[in-house]
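S.K.: As a plain string of letters, each chain reads:
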Amino acid sequence: MSNEVLRVEDADIYVAGKKILRKVNLSVGAGELHIVMGPNASGKTTLLSAIAGVEPYEVKSGKVMLAGEDITNYPLHKRVEKGLVLAYQNPPSFKGVKVSEILKWLRRKFGLDSSFTESLAEILDIHKLLGRDLFSGMSGGERKRLETYLTLSIMPKVALLDEPDSGVDLDSVGRILEAIKLALKHSVSVVLVTHSTHMLNLVRPLTNTVHLIFKGHLVFSGLYDEVVPLVIKRGFEGAAKVLRGWS
Amino acid sequence: MLNKNMAEAARKALSKPAPYGPDVDLSKYDVLNPRRIEPTEILEQERVRDASGRLGFTPEMVRKAGYVQVNEAYLASALVESLRKQGVVVMSTAEALRKLDIAREVAWTLIRPDTDKYVATAYLYGKEQGYFIYVPPGVKVRTPIYTCLLITRGMTAQLLHNIIYVADGAEANVVTGCSIAGLHAEALHIGVSEFFVGKDAKLTFAMIHAWSKGAVVRPRTAVKVAEGGRYVSYYMIYSAVHSLQSYPKVTLGRNASTSLYSIISGEGEGIYDVGSSATLAGPGSSAEIISRNLAKGKSRVVARAEIVGESGPSKGHIECMGLILSDTAYISTVPLLDSKNPEATLTHEAAIGKIGEDQLTYLMSKGFSEEEARALIIRGFLSVEAPDLPPQVKLSVDRVTELISSKGHG
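For the record, the sequence lines run as chains A and B. If you read the first sequence in my numbering, its first letter stands for residue 60, the second for the next number, and so on. If you read the second sequence in my numbering, its first letter stands for residue 4, the second for the next number, and so on.
In short, the hints are calculated from the structure, not lab data. Bear in mind that the values here come from a model prediction, so they are computed numbers and not experimental data. Every residue, glycine too, gets a C-beta built ideally from N, C-alpha and C. Take the hints with a grain of salt, since some may be wrong.
Unchecked claim - Computed footprint of chain A on chain B; a stretch qualifies when at least three of its residues, placed anywhere within it, have a C-beta under 8 Å from a C-beta of chain A:
hint	region
1	361-367
2	374-386
Said to hold, decoys possible - Using 20 Å as the maximum straight-line C-alpha spacing, the simulated EDC-like pairs for lysine to aspartate or glutamate come out as follows:
hint	chain 1	residue 1	chain 2	residue 2
3	A	154	B	322
4	A	163	B	375
5	A	154	B	401
6	A	154	B	373
7	B	67	B	41
8	A	154	B	375
9	A	163	B	373
10	A	157	B	401
11	A	163	B	374
12	B	216	B	53
13	A	157	B	341
14	A	157	B	405
15	A	137	B	360
16	A	157	B	375
What the hints assert, rightly or not - Some residues of chain A that are not near chain B, with every Cβ distance over 10 Å (derived):
hint	residue
17	69
18	122
19	199
20	210
21	240
22	244
23	256
24	263
25	275
26	281
27	283
28	303
Could you put the whole structure together from the sequences, leaning on the hints where they help?
M.R.: Here it is, written out as structure tokens:
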């Protein structure tokens, strides 16, 4: 792939010393949307966290390449500087740390594109959260919208979004989808983990590739219509069997 | 000048230890005779700039301070003239006791000279060094009155008696910085402070301490707040000490209120035994005591807080939080609620912990280095909503908060 920005090569992925995923291969092009699907506890968060470099998730063999650079051994914050950012499924709450303070810091560090961040803030309805403590006392929708905003605002090369739509009201899902669309337009590649049929339906026209994870393996990467309808019809195990001859 | 009975009692108390904090041999420190000096004589000294700089006080702020005490020498600056036009008095306590009835009336009425050996020493040997601030009835002094108490010579005993009297309906903001030149200097600082807040008056008092590894610090503070009055205290220490022990006591009349904030950043092998006490003596009175305590190195921090509900209805709340930044540090919180009235509603919350790994990792996942993430979390921990602080004072507080958080490693 000529415009490839993220490549995971033969990666064995461990959590606290235990192998969770085997020989993962993944390739994401610039401005592409990739969906990662799989049953609960199949390793979706593990995959995203290991790519992002979050401890205790670890790529022990194989490589993570970002825009041609081997970042496998880079620390977490260094990967962000290189343009790879993870949006947490459940970000922790902070007391006394204002949202505005984080944004000020991000602006200083990454020199944010103000027209992009303004549009993003409007789409995600962030302005009223600026004076609040980071994630403290926020509703599910507010937390997810803010986490999506913090992740996308630096306009990374690759954004890893871990279930940005879970526990969220319909309005917020719509806003998060619009934010993803805006990011894609600006050539941000998005790897999205989602369980929700609603979100899956919404992103169908935007999706380049769907990856199916099952029993510790990335069993199939293919087009939306090859994977999603099959999963809906036969479940993850059934789909894995059909697509990869899994038994 | 000394009251015979008080002096007699003080002499007997010269070996009386304080109930809290390590006992200290005071005999090794030098007590010097107070003298009045000209601004140029001390403000140009490098060691004065060093000591005041550690408080975040610029030379300009020191020059404009209402009262500056360096070791045994003191001066009242030109700003006093502008305050005097409003009837405000800022002078040394010794001078006030010679000239003003109000000073003689109130001095040593809130703190007995025989309280402990430290107060007794200040009473007997301090020669009433320290500042006296008087704000007449109804006068609202918006600009903060800065006072600066510095030690620049090793083994000095700085013995001070400070009095603030804010008369009925008046308002004042006082910022006191106490510091020492040199990070290793040995010295003794005893500051006896008696504050009077009149009916419907308000006093906001911010105190910033930056001491040294060898400094023994024993502030003794008592505050009386009359009906409808408000007293706000914001105390910060962010340096090493040998030992610091302080337990200010505030007594509140009918409908009076107080907010007592303290930010303690312990480091080195220092002992920090710091508390606040409020007595809800009048119906309708209320008190909140909020402290944030950091402990690094081998420091030991004891955060005390006490609210006594003597009358009702009244309300009191204690919030005492600790953050341990090293395996060898120690924090103890001692919140006490004493109720003598069924209409007094008293509550407290306390928690001690370390910086959450999940918070650190999260911030790093957004591009913060570990050091930056720690600093941000510590700054968040220290940030206390104190709406009464005037903007200029908040700037000083923010500057110190920034300093503490930027060196917030275990």
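S.K.: Work down the list of hints and note, for each, if the structure agrees.
M.R.: Hints versus structure:
Under a criterion of three residues with beta carbons nearer than 8 Å to beta carbons of chain A, the stated coverage of the region 361-367 of chain B is upheld, 5 such residues being counted. Here's how the region 374-386 of chain B fares: 8 of its residues keep a CB closer than 8 Å to some CB of chain A, so the rule of at least three is met and the hint holds. A distance of roughly 14 Å separates the Cα atoms of residue 154(A) and residue 322(B); the hinted pair therefore holds under the 20 Å criterion. Annotation: proposed proximity of residue 163(A) to residue 375(B) holds, straight-line Cα distance about 14 Å (limit 20 Å).
Between the alpha carbons of residue 154(A) and residue 401(B) the distance comes to roughly 17 Å, so the proposed pair stays at or under 20 Å and holds. The straight-line distance between the Cα atoms of residue 154(A) and residue 373(B) is roughly 18 Å, inside the 20 Å bound, and the hint therefore holds. A distance of roughly 13 Å separates the Cα atoms of residue 67(B) and residue 41(B); the hinted pair therefore holds under the 20 Å criterion. For the hint pairing residue 154(A) with residue 375(B), the CA-to-CA distance comes to about 16 Å; that is within 20 Å, so the pair holds.
Between the alpha carbons of residue 163(A) and residue 373(B) the distance comes to roughly 18 Å, so the proposed pair stays at or under 20 Å and holds. This hinted pair checks out: residue 157(A) and residue 401(B) have alpha carbons roughly 14 Å apart, not beyond 20 Å. Between the alpha carbons of residue 163(A) and residue 374(B) the distance comes to roughly 17 Å, so the proposed pair stays at or under 20 Å and holds. Using a Cα cut-off of 20 Å, the hinted pair residue 216(B) and residue 53(B) holds, with the two alpha carbons roughly 15 Å apart.
For the hint pairing residue 157(A) with residue 341(B), the CA-to-CA distance comes to about 36 Å; that exceeds 20 Å, so the pair is violated. As the CA atoms of residue 157(A) and residue 405(B) are separated by approximately 15 Å, the hinted pair is consistent with the 20 Å bound. A hinted pair counts as satisfied when its Cα atoms are at most 20 Å apart, and residue 137(A) with residue 360(B) qualifies at roughly 18 Å. For a cut-off of 20 Å, the pair hint linking residue 157(A) to residue 375(B) stands: about 15 Å separates their Cα positions.
Even its closest Cβ contact with chain B, about 25 Å, leaves residue 69(A) beyond 10 Å, as expected for a residue assigned away from the interface. With a least CB separation of 20 Å from chain B, residue 122(A) remains clear of the 10 Å interface cut-off, as annotated. For residue 199(A), the shortest C-beta to C-beta distance to chain B comes to about 17 Å, beyond the 10 Å cut-off, and the non-interface label holds. Against chain B, the non-interface label of residue 210(A) is violated: not every CB pair exceeds 10 Å, the least being about 8 Å.
Residue placement check: residue 240(A) keeps its beta carbon more than 10 Å from all beta carbons of chain B (closest about 22 Å). Remark: the non-interface label on residue 244(A) is consistent with the geometry, its nearest Cβ contact in chain B lying 22 Å away (cut-off 10 Å). Against chain B, the non-interface label of residue 256(A) holds: every CB pair exceeds 10 Å, the least being about 28 Å. Residue 263(A), annotated as away from the interface, keeps every beta carbon of chain B farther than 10 Å; the closest lies near 29 Å.
At the 10 Å boundary, the C-beta of residue 275(A) stays outside the reach of chain B, the nearest C-beta of that chain being 24 Å off. Remark: the non-interface label on residue 281(A) is consistent with the geometry, its nearest Cβ contact in chain B lying 29 Å away (cut-off 10 Å). Its beta-carbon lying about 28 Å from the closest one in chain B, residue 283(A) satisfies the requirement of being farther than 10 Å from that chain. Every beta carbon of chain B lies more than 10 Å from that of residue 303(A), the smallest distance being close to 32 Å; the non-interface claim holds.
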